[in-house]
Each structure stands twice: as C-alpha cells, then as structure tokens.
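Chains as they are written, first to last, in the working numbering: chain G, 1 to 802; chain Z, 1 to 333.
No wet-lab data here; the hints were simulated from the structure.
Among the hints, erroneous ones may be present.
Derived BS3-like pairs: lysine-lysine, alpha-carbon spacing no greater than 27 Å straight-line [unchecked claim]:
id : chain 1 : residue 1 : chain 2 : residue 2
1  : G       : 677       : Z       : 43
2  : G       : 673       : Z       : 41
3  : Z       : 43        : Z       : 11
4  : G       : 673       : Z       : 143
5  : G       : 601       : G       : 96
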Amino acid sequence: MSTDGELEVVGRPLPRVDAVARVTGTARYADDLQLPRMLHARILRSPHPHARILSVDTAAARRIPGVKAVLTGMDLPIRYGIMPVSQDERALEFEKVRFVGDPVAAVAAVDEETAAAALDAIRVSYEPLQPVMSIEEALRDPVDEPIHDPALTRQRGNVHRLVSYEFGDVEAGFAAADHVREDLFFYQGNTHLPMEQHSALATYEDGRLTLWSSTQVVHYVHRALAKVLELPMHRIRVIGAAHGGGFGGKTDPFSHEIVVAKLAMVTGRPVRCTLTREEVFYAHRGRHPVLIWMRTGVTREGRITAMHVRTALDGGAYGSYGPATVFYTGTLQTVTYAIPAYKFEGVRLFTNKAPCGPKRGHGTPQGRFAIELHLEKIARELGLDPVELRRRNYVRPFTRAVNWLRVTSCGLEECTEKVLQASGYRGRPRRPGHGMGFAASAYMSGAGTPIYWNDMPHSEVQLKLDRTGVTAYCGAMDIGQGSDTVLATVVAEELGLRPADVRLVTADTDATPVDLGSYSSRVTFMAGNAALEAARRMRRLLVEAVAEATGVQGDLDEIEVREGRVGEVSFEQACQLATTRFGALSTSGSYRPPRIAGPFKGSGVGPSPAYSYTACVVDLDADARTGLIRVNKVWIAHDVGRAINPLAVKGQVEGSVYMALGEALMEEQVYRKGRHKWPSMLEYKSPTVLEMPEIETFLVETVDPEGPYGAKEAGQGPLLPVIPAINAAVFDALGIWIDETPITPEKVLRALDARARGQEARYGPRRFPDVDYGAPIRVDPPDPHDLRVGEELERAFAAAGR
Amino acid sequence: MLRLPRLRYLKPASAAAAAAAVAEVGPRAVLVAGGTDLLPKLKRRQIEADTLIGLAHLSELRGVRGDARSGFELGALVTLTEAAEHPALVEGHPGYAEAAGLVSSPALRNAGTVGGNLCVDTRCNYYDMTYEWRRSIGFCMKKDGDVCLVAPGSPRCWAVSSTDTAPVAIALGATVVLVGPDGERELPAAELYRDDGIQYLAKPAHEVITALRLPPADGLASAYVKLRRRGSIDFPIAGAGVALRLVDGRLERVRIVMSGVGSHPVEAPAAGELLAGQEPTPEAIAAAAELAARPAKPLDNADLHHAWRKRMVRVVVEQALQRAVERARARRP
Ligand SMILES: Cc1cc2nc3c(=O)[nH]c(=O)nc-3n(C[C@H](O)[C@H](O)[C@H](O)COP(=O)(O)OP(=O)(O)OC[C@H]3O[C@@H](n4cnc5c(N)ncnc54)[C@H](O)[C@@H]3O)c2cc1C
Ligand code: SF4
Chain G
1 MSTDGELEVV
11 GRPLPRVDAV
21 ARVTGTARYA
31 DDLQLPRMLH
41 ARILRSPHPH
51 ARILSVDTAA
61 ARRIPGVKAV
71 LTGMDLPIRY
81 GIMPVSQDER
91 ALEFEKVRFV
101 GDPVAAVAAV
111 DEETAAAALD
121 AIRVSYEPLQ
131 PVMSIEEALR
141 DPVDEPIHDP
151 ALTRQRGNVH
161 RLVSYEFGDV
171 EAGFAAADHV
181 REDLFFYQGN
191 THLPMEQHSA
201 LATYEDGRLT
211 LWSSTQVVHY
221 VHRALAKVLE
231 LPMHRIRVIG
241 AAHGGGFGGK
251 TDPFSHEIVV
261 AKLAMVTGRP
271 VRCTLTREEV
281 FYAHRGRHPV
291 LIWMRTGVTR
301 EGRITAMHVR
311 TALDGGAYGS
321 YGPATVFYTG
331 TLQTVTYAIP
341 AYKFEGVRLF
351 TNKAPCGPKR
361 GHGTPQGRFA
371 IELHLEKIAR
381 ELGLDPVELR
391 RRNYVRPFTR
401 AVNWLRVTSC
411 GLEECTEKVL
421 QASGYRGRPR
431 RPGHGMGFAA
441 SAYMSGAGTP
451 IYWNDMPHSE
461 VQLKLDRTGV
471 TAYCGAMDIG
481 QGSDTVLATV
491 VAEELGLRPA
501 DVRLVTADTD
511 ATPVDLGSYS
521 SRVTFMAGNA
531 ALEAARRMRR
541 LLVEAVAEAT
551 GVQGDLDEIE
561 VREGRVGEVS
571 FEQACQLATT
581 RFGALSTSGS
591 YRPPRIAGPF
601 KGSGVGPSPA
611 YSYTACVVDL
621 DADARTGLIR
631 VNKVWIAHDV
641 GRAINPLAVK
651 GQVEGSVYMA
661 LGEALMEEQV
671 YRKGRHKWPS
681 MLEYKSPTVL
691 EMPEIETFLV
701 ETVDPEGPYG
711 AKEAGQGPLL
721 PVIPAINAAV
731 FDALGIWIDE
741 TPITPEKVLR
751 ALDARARGQE
761 ARYGPRRFPD
771 VDYGAPIRVD
781 PPDPHDLRVG
791 EELERAFAAA
801 GR
Chain Z
1 MLRLPRLRYL
11 KPASAAAAAA
21 AVAEVGPRAV
31 LVAGGTDLLP
41 KLKRRQIEAD
51 TLIGLAHLSE
61 LRGVRGDARS
71 GFELGALVTL
81 TEAAEHPALV
91 EGHPGYAEAA
101 GLVSSPALRN
111 AGTVGGNLCV
121 DTRCNYYDMT
131 YEWRRSIGFC
141 MKKDGDVCLV
151 APGSPRCWAV
161 SSTDTAPVAI
171 ALGATVVLVG
181 PDGERELPAA
191 ELYRDDGIQY
201 LAKPAHEVIT
211 ALRLPPADGL
221 ASAYVKLRRR
231 GSIDFPIAGA
241 GVALRLVDGR
251 LERVRIVMSG
261 VGSHPVEAPA
271 AGELLAGQEP
281 TPEAIAAAAE
291 LAARPAKPLD
301 NADLHHAWRK
311 RMVRVVVEQA
321 LQRAVERARA
331 RRP
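Okay, chain G solo, but in the shape it has when bound (with noise of 0.2 Å):
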C-alpha cells in the first residue's frame, strides 16, 4: 500500500495462490497422503434407520489375516458433537443406532479389502425400532421410544430444539395492517456434493498423535478428538490438508476422524480413511428440509407492520449444529427489510435419517425461500410491484433491527438497481413460458459469537520474518473459496508484495494460531483483519530499522512499503536490515467481534460484524407441456463490502448460482422405505456445466467500516436469493407457484393440472403441523439508531438492567 492509502494488490484480479497446485495435480488431498506401513480402515454401519444394538461379535473378524485392530463403540464411549449443548454423538455406537449408515465398528488392515472383507466377518445384532421418517411423524408420540434418550435432550419425544420469541408488538402490527397473508412453504433437504470425498490420515508416534483430514475446522476436530480420546490438546496435532470441497460438509468432527486417530493409536501404524461416496451421503449435514408458515401485515402501501413466522425443521439422526440452524431458518429476515414487530417459532426434529447440518447459507436459505415469494404474492395481491413492495422495506445501512442485529454498510438498493437495470426487468418483453424473477437477500460474514463459549479471539494471524522473507501463520482452512489468497492478498498488501511473495503455513495446529474455521462466511472478515493486524505490526517494524538503517528522519509514515520496496531499500534488504536490529521478526494479529447481540437469552445467533448483500434477476423458459425449466441467464449483484481478489469473489459468486441452481431445480435427498433413496453421484442430480446459464455477475463496494478494507462475506449469500428468483420466473412464466423445492417438471405440471381443474394454481405443502412452541421470549426492539457496541453496549444493558 502506498502512503495515500492507495491499494496495490488488494482488489486486482490475480490468479489465486494456489491455482497451479490445483490445475496441475500437485496439491496433496488427504486421500493422495501414504506413509510407511501405513493400514485402511472402514467403517461398518447400520443397514437399520432405527434398532437397538443387542450385541456386536468381531472375533471372526479379528482373524482375519491382514486384520490389525477391530473398534467398536466401546472402545469410544465419550459423546461429542460440534455444539456444547448437542454432545449427542458417538465415533461409534454400541447402544443404538439412528439412520441407515450410523457408524457401529471400525477396521484397519493391511488394505481396504482386507478391511472390507472384515466388515463383512463382524457380527451385529439389533432390535428394530419404529424408524421416523418425517416432521410429521416426529412430531407424533414415538411409537416405540424417541431417538434420543429425553434425559439428554431435555424435550418431549422427538423434539430437538425449541424456540420462541417476540420482538415488539406482533399483535399490534397486526392490527395496524391493512392487509394480511399467510403462506406455507417447503424447503426440500439437500446435500454439499464436495468433488473430494471425506479422508483422514492418522498417525500416533512418541505419544503424539497427528490427524491430516479434509476439514473446514481444524481447531473444532482438535477439541473432539481430545475430547473422546482423553489426550490433551497439546499431545494432538491436527492438519488441514489440501481441500477438494466442503459448502459445510466437513464443518463438523466426524466418526471417521475419530476413529483413524484411535486405530493409530491401538496399532502404532499410521492409518487412513477414505469414505465412499455413498458414505458421504450418510456423513451429510447437509440442508435441513424445512417447512415454513408465514404470516404478515402490510399497509396499503406495502409497509411491512408485523411478521410470524414458524418452521418446523427435519433435523435427521443428530444434533450437528443444529441448535444454531433453528434460529438461522427465522433470524435474518429482519436484516433486509425493517420488520417493525416480529415473532419466530421453530423447532427442530429429530428422524432416523442421515443428520443435517450447515450447507452454504446454513439455514437462511430455507426462510429466504419463503420470505421472498410470500413478499412476492403479496405485492401481486395489492397489485403493487414485487420490486417496490421490497424496496419500501429494505433495511438502511446503519440500523439496528427489531430482533437487535446490527447492520452497518448495506448495499441493497444498488445491488437492486444493478440487476434492474442490467436485466431489463422492469419492461421484459412476453412471450409464452418465459419468466423474470427478482429476489433480494443477506448473509453474514461470520458469527459474532463462537460456538463454544469463550472470549478469545476468533482468529489470529503470526507473521514471521527473517533475512528470507516473510510467512504468515494461520489456523484458517482453505477449503477453495480463496482464504489463503485473501491472506496473503493483506499481508501482500501491507507489505508491498505481491501475494504470490508471501509464505503461507495454515490449518495445522501445532504450527499456526487459532483460526475458528472455514464456515459462516467468517475467514475474509476474521482473519483478514487479524493479518491485517499482525502485517500492519510487521510493516512497522521494518519501517523503523530501514529508517535507522538509511538515516532517514521524520515521519515514518512516510516511508512508502511498495512495490518490493521499503523507502529507497530493497524488501529483500529490508529483511536483512531488520534482522540486524532485530533478530527474526514475529508480530501477531487477532479479531474478535464486538459484542453485538441483544440483552437475551438466545440472541448469540444471528448476529454478524457485518452484513453482505445480495439482489439477482433470473430469466428462465419453462415449458408448459412438459414442465421442464431452462435457465437461460442470471444476473446478479453482490455488496461484498470490498473485493480483496474479484477474480476470487466472482468465483463464489457464480458457484452459488451453480449451487442454487442445483438445490432449486432437482438436488434431493430423499428417504424411501427408511433410507437414502440414491446415495450415489449419478442417482442425486445435481447440475451439469451443460445446466448452467450465463452469469453476470456486478460486485458492489459498500467498504465496510469494520471489513479488512472494508471486505464483507462472498462464499454464501449469492446463494440465497437465486433460488426464490427461479420459483418467481416460474410464476411469471406459467402463473403457477411451485412453494417448495426442488421444481421438479412433474409439479409443474401438477400445478397446471389444478389450475386446469379451476383449483389453485400451486403446488405445495397444505398443512402445518400443529406444534407446541411454548410462550415465546418477549423482547423490546432497539432504538434502530442505536449502533453502541462493545463496552458501551454492556454498559447501557446494565444501566438498564438487562
């Protein structure tokens, strides 16, 4: 950076750091590590959805030759799981199982099939349960006990999690209203689909245990594994290895994770698993399916004046992250239109299938889908533009919402009008099942609170630098949205290097400081502002010893660092001269939100440092004999507050299209007789390159206040309105809603089918079941102009007894 603040890397479109290690084959995938003597190991899992373990017999298993070690649930009694309040979890169980594919024991052997072929040899057997299948029926009384024992969970039956709150007069806002609607949607469940199936990579040497795994959360996996091991964290190492996809699938510790490290530790060999494709099906944590009932008061205008909303969430065999999800399907409606007085019921269930958890946009997609086309009817119901009726309600850019979310910079209206305008919305021309459809949206950029309790920092960048240069350390995980680029692209820029200058060691827990991981949209925002910390400490330093070096006087600051340069010296000579006034260099930098949440109980959910932004225009024919749908374009504008790498952003964006695109058209996963119907990449469709429509994309710099230059969130918010956009294009092609997803031809056509029959012209959910959500947690909104954090904030919850 110069000394005018004028960037010099930061928002150039530069190949990412890691591209030819991609393109060329030579990054290493946890699957492509061996080392010497190294055993395979599988995992045998429940053929039931729901049974009782009687018993698990393996000494035939165990001789087998080429047989090391043989696990079973006793072996890893300690439950774990992702959230304090959800430990629901175990590497293997030996009590019960709770979906088809629920790990029960574990092989190592000389190589997989060996290992497959003792598997076949273990002997388990269960006492089938009554498997629950669906929200219904998990909202039923358990026909023969709830999945999980009452005594943990501490809900009746099924029941997970529970929540119920009001912010302000929900009643009132009724009543205020001219007119009001109410709307039920489904949202169908999905998976990630990541290219690299998960792996894992043990070894066990000296008392020290080394993990190499395909995670997004190095220092999560960490914990678990102490956690069920009973090692000490400092007697674990865990490493990121180079990542082939998550979208959320890897945010969570996992069985097989667990189970290598144990078998490293019964064998003293290293030991690697690989899962199959269908296995990571079942190791899913993947989109909850959700259903949505929504009501809303509006004035003539199309002021929004109350909104309720209740989901009810399938939540599959375990908790995951869960707890956290319940709140995402309701919380951040109130973050792109002002929603004077708001109420969100949810409850999550538990079902004997496959456990979902995070998947890109964790949860918001789900309420996103319904807000937007119940707007949408709405407008259409007052006869107003869908449009309009949004944009009397967005959100301004530094308010706080009635639910205490704080928004600082806010690019709705631009995105808006980027997309209009590049569109030609507003005066599409007409023709015979072709439609336009207009969604707007908002994402995080990382969590305000972590997810265990704690008040240390979320991220923290060291920078280390000796006479050869400079290497960052961080604990962040690349799991290919950009996040090694993004910091190397900081300490590039602080630095005046060029990112490809910049040594990077990340994700290993021995080597690098505490990054929280690669989910929430978190990494650009955390630990680029905590590099931009430790560079901003670096530059300093090395300022000061080229100044004493080379005489120079006065102000430092007006030493420029760029270009490879520091004042009139070389970076390389600056490095050495840096090294003689200081020996080897470290700084350090580190991020932790401001306190931003509400004075309740429950208020840590939802509240982000900042808010992307998100608006797109879909153009699509559908074909009203055959209810096929072809996306021909979408164009689509994201405030991602800045662009460190747009080459990096662009690319998010557009694989949140591909990703959107895929959940709203024809991904499932689905269950038929108590399993996964088709846990297999050619049966689970999700969308060829042949599928996917031309993009033009439009970045919007907001440069938020709190952003490391101002940079917001890019890896999940473009998701979420792309998929309502569709549900809208179809309306406006064929004047029928399709209120869930996927949009499958057959309900297209079911849809016409009704209207034909004069009935309504929609397919959809026609019930919502009938749930108990208890008195909801009242809670007076905010003054909307009150934007005091931190200190401050707590100061005025004391002052006023909060």
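On the provided structure of chain G, position chain Z with the ligands as indicated by the hints.
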C-alpha cells in the same frame, strides 16, 4: 473407495476364442469391452465375476465398414464417439449417430462401445446401488434376493432397458452378428432382447457380438429423442427411436421403438401401422405417439416421478417422429 474384486483378465486371440473362453470358465466369466457399464457394477457387486474376457485388443472388431448405399457394418468395438462422429453414418443414419452421441458423457463415449451399449444391463434404482445399500434394504430378485422391491408380489423383475442405441437400431431393422463356440449367426437387433429385467438378452452369455449391421439408407430417415434430467451423463428415462420413409408425401414403413419404458426396447407396431400411408400431419403424428405411449407403464424405479415419465413418453415419440419427418423432407431432392 469401492474396490473391484480380484480378477483374472484374459486376452483371447479372436472373438471366437473369447466365446470359447466364456463357455469354458462358466458363469464367473464375463466379457468386457469398454468396461463402462461392467466395472461400476463389479464394484457394487451387482455382477460377480472372477474372470474378465477382454475384447478391447481385438482389432477384427474395430472399424466402420460400408456406406449409406450398401449399408454399414460397425465393429462391436467401435466407440460411441466414433459412431456419433462418423461422417457417412451421420449422413446415412443420423438417428443412430444421434443416439450414440447422447449416451452418457464424452469421456464414457470415448471408452464405451457399440457392442457394449447393445448389451448394457437393465436399470432400477433399487438395484444400481452398492452391495451394502442393497443388503440394508433387502436384496431383490435381480441379484441375491427373491422379491421385487418396486412391485412387491410381482413374479418378475421390471428393471428398465436403458440402452440408447438399440431403439434406433431396431427401428432401422439392424442386425447383430454373433459368434459362439459353434460359429456365427446373424440376428435382427430386436431379437437380441427379452422382456425380462433379469435375463434381458436372448443370447447365451458366451456369445460375442462382433458387429452391428445397419441397412442401406435407401430413403430411410431416422431420429432418436432422449429424455433425461440433465444434458449429459444421465441414462434415458424415456427415449424414442424412429425410422421411416416418406414417399410422395406419405409415410411408409414407420417403426417406433422406445427405451426406458420396459425391460426391453419396446416397439409400437400399431402406431407405426397407423401412420403408414398417411401424410405426416401434426395430428397424425400426435395420434400415433399417443397410441405408442399408451402401453408404457413406468414404475418408481428410475429418475423423476413415474407418472410424469408416463406422460412424457408420447412427447418424446412425437418429437422423434417429427424430427425423422423433417429429415426425410430435407433429404428428398
Ligand atoms: C455414469 C454412466 C452413465 C451412463 N449413461 C448411459 C446412457 O446415457 N445411455 C446408455 O445407453 N448407456 C449409458 N451408460 C452405460 C455404458 O457406458 C454404455 O452403455 C456403453 O456403451 C457400454 O459399452 P462398454 O463397451 O463400456 O460396455 P462394457 O461395460 O464393456 O459391457 C457392458 C455389457 O456388455 C457386454 N458386452 C460388451 N461388449 C460385448 C460384445 N462385443 N459382445 C457381447 N457382450 C458384450 C459385457 O459383458 C457387459 O455385460 C452409462 C454408464 C455410466 C457409468
Ligand atoms: S424391478 Fe424389482 S426385481 Fe428388478 S431390479 Fe428393480 S427391485 Fe429388483
């Protein structure tokens, strides 16, 4: 990773030797050409074998011979890419080339062969799953079990014929050349199939297909329309192969054969006859398509809803007829 079982791979000196080898080794031997259908199935233990009898090295089975005037002979090892891109074939029997070009994906077409495609296993999404999955739900009669999971109570298997090239081949009146231990025979392509999801081929396991013979073009216009979820990779969930002649504005010798609707490529002779002698008006075509589609009864064992697939059969038949008619019109001087 799913692993292949331990296998012995034999390279017989000729097609006849390959046939003899299969006969000799018995049920645990299986012929392999491109391996694109077979190898995944071996990994999933849908097919159990310990010996692969390789054909890929047999140059006698390669190459496209002949031309539009005399008819074509496609060696069984001709790849689908070669068939799809062969200029004379594209000109002479566009429907066949089109079908070959719609199989799966470019990579699989580079490996997959004409012979292998004719023999591709019938499909069912209760069957095209791993061993563990099938064991979990309970094996079905197509492999390791004795019931049908799609149609419980059914005495037979309804797995779906999913070859893309067979419908047009049959519609064109193609023949296949087979070599067995007792010598060679030639069979109408239609007679290669049986209406049975398990024993779907009407040939003994040891007979080797050496060639597919397509008739002289002789005014025949052909087309293949394939319905699948995505633009690539997917097997047909309904397909229609059509061959017809348009003589003085009237249709002659119309053959309509469908894929993805039954356990064998299903011909609709009545629909073909309905069109014979008629002008190819949209109404006539629609009526024939309706008639052709009527017997199709898709089950819940393939992609998308079976009721929707049922509705789509007539759409693909109609589209294939229209396309073939257009081609016939374009061809006339
Ligand atoms: C992901 C995927 C998608 C696919 N999509 C399609 C699709 O859309 N449409 C489609 O039709 N197919 C599809 N296939 C199946 C397959 O790729 C093709 O059918 C291909 O043409 C098979 O040819 P092959 O040479 O690879 O056959 P192989 O796998 O070698 O053999 C297939 C069968 O034919 C037998 N066989 C092979 N050659 C001979 C011969 N000369 N004589 C006697 N028997 C023989 C083998 O014993 C085996 O039983 C798909 C496969 C995959 C994996
Ligand atoms: S149709 Fe029935 S018997 Fe045949 S493969 Fe499918 S489930 Fe098995």
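* Hint numbers contradicted by this structure -> Per hint list: single violation, 5.
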